[in-house]
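Chains Z and C supply the protein sequences, listed in that same order. All the letters of the first sequence, read from the start, carry residue numbers 1 to 840 under this note's numbering. All the letters of the second sequence, read from the start, carry residue numbers 841 to 1189 under this note's numbering.
None of these hints come from the bench; they were simulated from the model. From a predicted model like this one, the values you see are computed outputs, not experimental measurements. Note that beta-carbon positions come from the ideal geometry of N, C-alpha and C, so glycine has one too. Any given hint might turn out to be false.
[What the hints assert, rightly or not] If you want the footprint, here are the derived chain Z segments under chain C, 3+ residues with CB under 8 Å: (1) 226 to 237; (2) 470 to 482.
[What the hints assert, rightly or not] In silico DSS-like links for lysine-lysine, alpha-carbon gap of 27 Å or less: (3) C:Lys923 to Z:Lys622; (4) Z:Lys187 to Z:Lys157; (5) Z:Lys651 to C:Lys967; (6) Z:Lys622 to Z:Lys499; (7) Z:Lys499 to Z:Lys487; (8) Z:Lys157 to Z:Lys93; (9) Z:Lys622 to Z:Lys651; (10) Z:Lys599 to C:Lys954; (11) Z:Lys651 to Z:Lys93; (12) Z:Lys771 to C:Lys923; (13) Z:Lys796 to Z:Lys767; (14) C:Lys923 to Z:Lys767; (15) Z:Lys247 to Z:Lys487; (16) Z:Lys209 to Z:Lys567; (17) C:Lys923 to Z:Lys599; (18) Z:Lys140 to Z:Lys157; (19) Z:Lys622 to Z:Lys487; (20) Z:Lys187 to Z:Lys93.
The lines below spell out each chain.
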Amino acid sequence: MSSQSALHSPVPIKEPHNLSERIQRLRDFYFSGIERSWNNEFTCWTTGTPWDVVYDEMTFYIVPETYPFMQPFRASTLQVARQVGLPDDFWSKSLVERRAWFIKEVMVNYLPQEILPGDLLAGARFNILASRCWSEKEAKERDRLIYGSQGSRARMKWFHSHGYGNAGATSGHLIPDHQRALEIGWKGIHQDLEARLNGMSVTERRGPKGAQLRAMLTASTMARDLAARYASRCRELARQQEDEARKAELEQMADQLDRVPWEPAQTFWEAVQALWLNHMLIMADENYPGPGVSFGRIDQLLYPYWSRSIEQGMDREWGKEILKCFWIHANTAYDAMIRVGGNQGITSGYGQLITLSGMGAEGRDLTNDLTYAMLEVIDELSPLLEPKPNVRLHANSPEELLDRLVEMIATSQGAPFLINFDERSMAGLLRQARRAGVEHLIHQDNVFDYAPVGCLENTMVGNDRSGTVDINLNLLKAVELTLTGGKDMHPVVDPITGKTDPVRQDGPATGDPRTFSTWERFWEAYAEQTRHLIARSAEVYEASESIRARFCPTPYLSCLVRGCAEKGLDITQGGPELNFVTVEGVTFATTVDSLLAIKHLVYDTHQTTMDELIRALTDNWKGHEMLQARARYRAPKYGQDNDEADEMAFKVMELWTDETWTYQTRSTGRRFRPGMLSWNYWVSDGDILAASADGRPKGQFLSNAICPSNGADILGPTANSNSVGKALGGRATEGEGDFAGYFNSLPNGASHTITFSSSLLRDREHKEKFKAFLRGYCDNGGTCLQVNMVDVELLKEAQKHPEQYRHLLVRVTGYNAYFTGIGRELQDEIIARESHKQLG
Amino acid sequence: MAKQKTDGDEGLTATVLNLQRMSTEDGPGIRTTVFFKGCSLSCAWCHNPESISPERQVVWNRVHCLCCGTCVALCPQEALVLKDNEIRRDRDRCTLCATCTEQCPTLAMEMLGKTWRLDALVAELLKDRAYFERSGGGVTLSGGDPTYQAEFARALLQRCRALGIHTALDTCGMCNPGVLQRLIEHTDLLLYDLKLINPEQHKRYTGASNRVILDNLLAAADQIRSSRPQARIWIRTPLIPGATALDGNIAGIAAFLVDRLDGLVERWELCAFNNLCTSKYERLGQQWMFADTPLPTAAELDHLHRVAIASGFDASRVAVTGLSRLERARKEQAKSTRRPDPDQPAAPR
């Protein structure tokens, strides 16, 4: 961006507008937080056995902040759990059947069914922690696998404290087959399951497949029975209601709940009602408040109902009113731990993602009136975190859509949505099809049906669990291990016990790098350590994945994912047609820049020796400031559109992604695939990983996802984006690439954030330039862009007076966060990143 | 159009101060601006003082310096001294050999001006081709003044146009008429500076009368009318307090544009004075007469805008750009918590 400044005023904080009294009231109620008379915080439910467990830690293995609390959570949640009366034959059933029954019993017969004043949708409480329904024997066996010295917890903690990253079988992060559930209703799903069960042989029926299908049959009536409860509640409220208009609404809601979600949805209101209940019960089934439980292309999914209802006379604003209720409902997921204060955005990582617009068959654009209506809802309610929107752009995206997006970006504190880029994304998914041999499931004729989950993690829809946040691997650890010949650079000290782990030969003994006479020799050793890293992550992951497959079925969710009923396998056991585990590469730019610095300083220009460099890193650069400066300023950096540096980025990318494809889980047969999303790990793991050769001391942040290192991005957004595109594989000079001339090594996609100065959008002319930038990004850039558009003064003001800026939203590595709710270091980081200013 | 000889252009080199990627202020669309070194004027308010000299220059950036003494120890001419945490350079001894700037660990010793070969520069510019094409942008030659390295500038413009890239030439117009004519042959947009309408005042503030500049502009207009009807002209006037930001001057320029250029000017940009470049003067070891001049207020800018329009120039074609004082005052306040800003090298006019 030109440093020539422009007349502009700071972006005002976005205020909601065009809200009816109903929505304003619901929104204000939501934002009153713990003051609320009603909330959706976890309630706990137990079978009453002394060995019962209601808190399953494994789904939080990827949230290191929770590690110290796992034991207290387990104990306290059981303590507050209320007992559910069990039928006599409960313990004679299989685990999956027990669990299906238990969840349904809690949701239908124990949780109260409530309707907030004025609300147009039923389905309020859903955050539960329910008994895992283990028998004593099962509980003991599972505890042995978790807590033993080689148990999943010890492995996971070792992996994290030694700087490798984190890994765990996590819930959510998929797009269920909502289309089928709306089109044939639960009745249709129920009939299908019945037919399958009846089609089984007697032996099969007695075995695990029979148990699975019986459990799914139970689960498939949960929404029907819950809807019936809500229908009664609506009628009860209608009877007490004096306002005629509200009475009519409640009566209509009751009538609708008599039909959906059991019967196919007929109208828009019914479809949204059914969708909400179906979605909310997934969160209940998984005991997990929403992260990554995504809706897919919701403007396509709901469009037939929208257009039919509009034709039948539904007022467009009324349709939006229904949607706004849906938006408020999605935000109540956050109530799960409403009394626990959030730090570093931990409470902001939910991501019930919706996808808008995007390409259809033959490159046709699929933007429709509902796309625009939903953008209006987002704008009018803004700022509100959930459901998180991701807008898909491609070469044929209409000008009108871009105009609308840029207008929204200009008037909020940054894009109130993520922007996904179809061509690059689809190239990655087609590569995935080829690498994993699933070309019958992902191909040219359906790849455009993809949608992101969580933030930007691209998956197929309705048949795909890709574990998109399950393994988060610090690629940088391989550089450290290369410099030490396979050992930690520093002994690891447990921050709580103070106990020191002796330094061991954890990685392959690749030799003393002081004896490597060439860069190629160093690279070979680095490649070997990278392979070790991935092998290690696969082992750690296997521990929790195999336990989940044995002990943590989710039969309700399994009903909504194609492949589970067909195979008679739960989604946690590899039931879906598409089964992947995504390894999210973290610290990419720090890794690339470190390798570039080693090559440049030691091998190319001989400005230092390997010995001196290793000593400097061991000393955390203290007393080696000149060498540190050379590493920072003299070595090439990724992110500056420098072909030499970007080739290194591509080489690093090729190495780790190629290796990733070679793994699959033993217990469930899920294939590994690569991606780049770093949630907040790039911040916290900066304290764990040793100093790096790019000049970063221990304790300083690592690089975020596929973004260049902080301070390296000095040539502006176009250079930055070009580097990202090149790291992913760039464009084909001849031939077709993976799709339409694009290459993409990361089928999951890669998070890319650019912060722009707000002056860039100050007038019509500059907005046009920004639109053109987005189109250019589509040609040259990555899979997903987040636009931060903040004024640095505004942020500093918010830091000083957080009470006045409660609604100020910023984007942090793929998710939205309230600026005042995140930690001070992250706030400083965001301020430092403002507008591509070089950091000294 | 006369056929230009292009053989041998490959070997041409130029001294370039900086390339500005994703420039949104130097013509239409998204552009890469090439700042050439060397200018035939020396305007008292110049915002890019490092671009005036055609020679490469060594500067020392205090905020980046570790005071490690590397440069002092390595200087073959012994032209550098480190005293009181400050590097002093004996300009007479220094031969611009670049040892210090190449060896400084932190880039605190910096060489202003890089020698680019034509082919390498074109390849660098092409990196943003996708953005040029999507935005109707392209390449802008600025400086300094591109006419100061005319042969290279001509070759660069010609090469870019041959590749289908939109070209803009940002010039003060103080050059041989033949030079400008040859450049305009390959220019899609002429960004032309008119600073002061009064010749004496012009000489006082820029070191030269404006006679050549005005004549060149009229000749350029004739050339564009007759042989380059697709080309456009934008006029730029810096609003310098007490010097150019005077009613009479703005009205005079407006009158000239209305009387002599007859609707040919597509846009007239009034660019507000700013003092972001104060530290550049310090680094160059120069005094700047505007160092303590405050930014114009929004009201002052608004007033000059009205003067420009009142003089008969098409209101829809006048644009005011830049920072006003109110804005700046708030930034100053915020500065107390911010480390000194290593300001970027290119803030043209």
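Handout entry: Distance restraint between lysine 499 of chain Z and lysine 487 of chain Z, which requires alpha-carbon spacing of 27 Å or less
Key = At roughly 18 Å apart (the allowed maximum being 27 Å), lysine 487 of chain Z and lysine 499 of chain Z satisfy the hint.
Problem - Pairwise hint evaluation, lysine 954 of chain C against lysine 599 of chain Z, where the allowed Cα distance is 27 Å at most - result: Holds: lysine 599 of chain Z and lysine 954 of chain C sit about 25 Å apart, inside 27 Å.
Exercise for the section: Mind checking the alpha carbons of lysine 157 of chain Z and lysine 93 of chain Z for me, to see if they're no more than 27 Å apart? Expected result: Status violated; Cα separation ~35 Å.
Problem - Restraint check for lysine 796 of chain Z with lysine 767 of chain Z, where alpha carbons must lie at most 27 Å apart - result: Measuring from Cα to Cα gives roughly 26 Å; hence the hint holds.
Exercise for the section: Assess, step by step, whether the Cα of lysine 923 of chain C is no farther than 27 Å from the Cα of lysine 767 of chain Z, and give holds or violated. Expected result: 50 Å, violated
Handout entry: Distance restraint between lysine 651 of chain Z and lysine 93 of chain Z, which requires alpha-carbon spacing of 27 Å or less
Key = 53 Å, violated
Exercise for the section: Decide if the proposed pair is consistent with the structure: lysine 209 of chain Z and lysine 567 of chain Z, CA atoms, cutoff 27 Å inclusive. Expected result: 8 Å, holds
Handout entry: Pairwise hint evaluation, lysine 967 of chain C against lysine 651 of chain Z, where the allowed Cα distance is 27 Å at most
Key = Roughly 20 Å separates the two Cα atoms, so the pair holds.
Exercise for the section: Quickly compare the C-alpha distance for lysine 622 of chain Z and lysine 651 of chain Z to 27 Å and report which way the hint goes. Expected result: Roughly 31 Å separates the two Cα atoms, so the pair is violated.
Handout entry: Straight-line alpha-carbon gap lysine 923 of chain C to lysine 622 of chain Z, limit 27 Å
Key = 24 Å, holds
Practice task
Given the hint that lysine 923 of chain C pairs with lysine 599 of chain Z, test it: the Cα-Cα distance must not exceed 27 Å.
Solution key: Cα-Cα ~35 Å, so violated.
Handout entry: Given hint lysine 487 of chain Z paired with lysine 247 of chain Z - CA-CA distance at most 27 Å
Key = It is violated: about 70 Å lies between the C-alpha atoms, which goes past 27 Å.
Hints 1, 2, 4, 8, 9, 11, 12, 14, 15, 17 from the earlier list are contradicted by this structure; the remaining hints agree with it.
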